[in-house]
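Enquirer: The whole structure should be built from the sequences, with the hints applied where relevant.
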Amino acid sequence: MKEPTVRVQKIRKDTVRIRLIIFGTLAILLLICSVFSEYLTPYDPYLQDLANIKAAPSAAHIFGTDRYGRDMLSRVIVGSRTSIYSTLLLVAIITVTGTMIGVFCGWHGKWIDVVLMRISDIFLAFPGLVFALAVAGILEGGLQNAIIALAAISWPKYARIARSQTLAQKETPYLKAVRLSGCSTMKIIIKHILPNIIGPILVTSMLDIGTMMMELAGLSFLGLGAKPPTAEWGSMMSDTRSLLTTVPWVTMAPGIAIFISVMIFNLLGDTIRDYADPKSRGR
Amino acid sequence: MGKYIVHRLLQLIPVLLGITFMSFAMMRMAGSDAITELYGNKGAVSQEVIDAKRAELGLDQPFLTQYVSWLGKMMTGDMGISYVSGKDVFDTFISKLPATLLLTILSILLTIAISIPLGVLAAVSHDRITDYVLRFFSFVGNSMPNFFVALLLMQLLAIKLKWLPVISDGITIRSALMPTLTLAIAMSAKYMRQVRATVLEELNKDYVTGAKARGVRQSVILWRSVIKSSMLTIITLLALSIGSLLGGTAIIESIFMWDGVGKLAVDAITMRDYPLIQAYVVWMAVIYVLVNLITDLLYHALDPRIRLGVSKE
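Protein chains in written order, with the numbering used here: chain A, 385 to 667; chain B, 613 to 925.
Since the hints were derived computationally from the structure, they do not count as laboratory data.
Beta carbons are placed, not taken as given, at the ideal position from N, Cα and C, and that holds for glycine.
Please note that the accuracy of each hint is not assured.
[Said to hold, decoys possible] Below 30 Å or equal to it, Euclidean Cα-Cα: the simulated DSBU-like pairs (lysine-lysine) are:
| id | chain 1 | residue 1 | chain 2 | residue 2 |
| --- | --- | --- | --- | --- |
| 1 | A | Lys394 | B | Lys817 |
| 2 | B | Lys615 | A | Lys541 |
| 3 | A | Lys541 | B | Lys772 |
[Unchecked claim] Every beta carbon over 12 Å from chain A, so not counted as near; a handful from chain B, in silico:
| id | residue |
| --- | --- |
| 4 | Asp663 |
| 5 | Pro674 |
| 6 | Phe675 |
| 7 | Leu722 |
| 8 | Val752 |
| 9 | Ser866 |
| 10 | Ile867 |
| 11 | Thr882 |
| 12 | Tyr911 |
| 13 | Ala913 |
[Unchecked claim] Stretch-level coverage of chain B by chain A, calculated; a stretch enters the list once three of its residues show a Cβ under 8 Å from a Cβ in chain A:
| id | segment |
| --- | --- |
| 14 | 618-632 |
| 15 | 763-773 |
Expert: Quick look at the structure:
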């Protein structure tokens with residue numbers, strides 16, 4: 385297969401940039417929606433209108449109403465705050481902890497590196513959700529505990545990346561020069577190592593947002609995350625599951641919301657990866 | 613090869629010890645032991661009775677001693693009795709395992725049947741319309757949580773079309789269809805992408821250009837060389853996914869009321885049946901580690917490049 389010509393390369397670069405703008409805007413719109421969700425809802429999401437239960441989708445209630453007559457559109461909009469915030473918080477936690485542990489291991493080396501990497505091996509040996517399920521179950525559910533459970537199993541991936549990147553940086557001539565000139569460890573890590581290794585880590589965390597959102601929603605769906613009446617997409621779906629035969633829209637609306645948000649974040653993640661690493665384009 | 617197997621087996625020991633230790637510590641942190649479960653809701657029980665029972669069960673021993681004796685018991689399949697049903701935990705777990713394994717194997721097979729042909733097709737028609745359509749579907753499949761797929765299938769196949777039962781009526785192929793389909797859809801979306809990437813990478817190698825230059829037919833290059841050499845990577849990837857599948861079945865099993873270990877675990881979690889949760893975590897991790905080991909060994913045994921020591925080992 386021949387190398388793409390310069391012209392083709394330039395066109396590809398331009399399309400990646402356009403995709404980045406489009407998906408970035410969509411993601412920002414989603415975030416704005418979740419920040420101002422309270423002001424965007426057409427009805428009070430917790431107001432029960434018992435005269436108007438299980439209403440089919442109509443102009444007044446685009447997604448219909450649930451069994452308490454609560455407007456589904458309003459609940460989905462308010463749910464975005466819980467779902468998106470907690471996902472972003474989770475990704476931020478694992479990125480920061482994982483990176484810190486990884487950099488520390490890579491820099492310090494010796495026994496502490498061996499011990500921490502063995503521990504991360506153990507976490508990697510658990511099939512992901514199995515362990516999260518158990519942790520969330522023991523911590524007695526709740527959104528906060530679901531985040532802890534997922535964070536507990538997800539950090540090793542970041543620690544691995546940060547560690548290998550740090551090890552590679554450690555061997556570069558410029559870093560040896562910095563060390564020789566007597567720069568303090570803290571300063572080396574913050575000013576020299578972190579800026580150089582943060583790229584691949586951020587790309588990984590962007591790609592992880594979608595997965596984490598689905599896993600958090602999954603735990604909530606099992607009743608191990610957000611608890612009703614808090615509007616959260618996963619728990620809203622399990623809450624209304626029994627109505628699937630009669631009023632499918634109340635279950636489908638939050639599902640579609642998860643699907644669309646995950647898709648936007650996945651598209652953004654893919655685009656950022658392509659932007660950062662042109663080799664992966666079209667793969 | 614023999615040396616490698618021994619090396620891998622030795623590596624397993626700390627991992628298995630870590631897994632069991634963490635599960636044990638987790639249950640202790642839960643702040644509940646057999647004593648509180650036994651006497652917790654039976655009103656006042658005198659301290660002497662509690663202490664006697666505690667000594668009888670060895671709960672007054674130091675933490676590490678307790679762990680070692682627990683580990684010893686676990687090896688022989690004695691994982692205590694369920695707080696809820698009062699039955700032996702290990703027996704309960706083993707009795708539910710075949711249903712989950714059946715589901716796992718069926719969905720792996722379906723995933724292979726879907727993702728490999730489509731992935732190869734997408735790679736061959738790289739950057740053409742077929743490729744774009746397939747990639748679009750794979751993307752959509754990747755962005756749907758599996759419980760959403762499950763509910764969509766339920767709505768479509770069971771409620772609208774009435775082809776299949778809404779929830780499973782026992783372990784039959786008919787009721788296995790929907791959970792299998794759900795798991796396979798999510799997995800195929802993911803694996804189609806990886807199959808495509810692997811085949812594309814292989815297609816870009818120099819020997820393919822060489823074969824083309826010598827006038828070897830495209831289909832011969834594809835079937836004789838490219839697919840043969842990328843299959844190994846693909847099978848390995850699939851085998852490694854068994855682990856996530858084993859965990860992912862928990863949600864699907866409880867949606868479809870499929871009577872396997874996943875549903876058992878979810879039920880145990882809602883009932884705070886700690887010994888059962890512990891059994892689930894430990895045995896799932898052990899199965900996962902063993903599957904990974906076997907995959908790794910198979911990979912080494914099957915790939916002539918590694919078997920003959922061409923690459924650095």
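Enquirer: Looking back at the hints listed earlier, which ones does the structure fail to meet?
Expert: Failing hints, ascending: 3, 8, 9, 10, 11.
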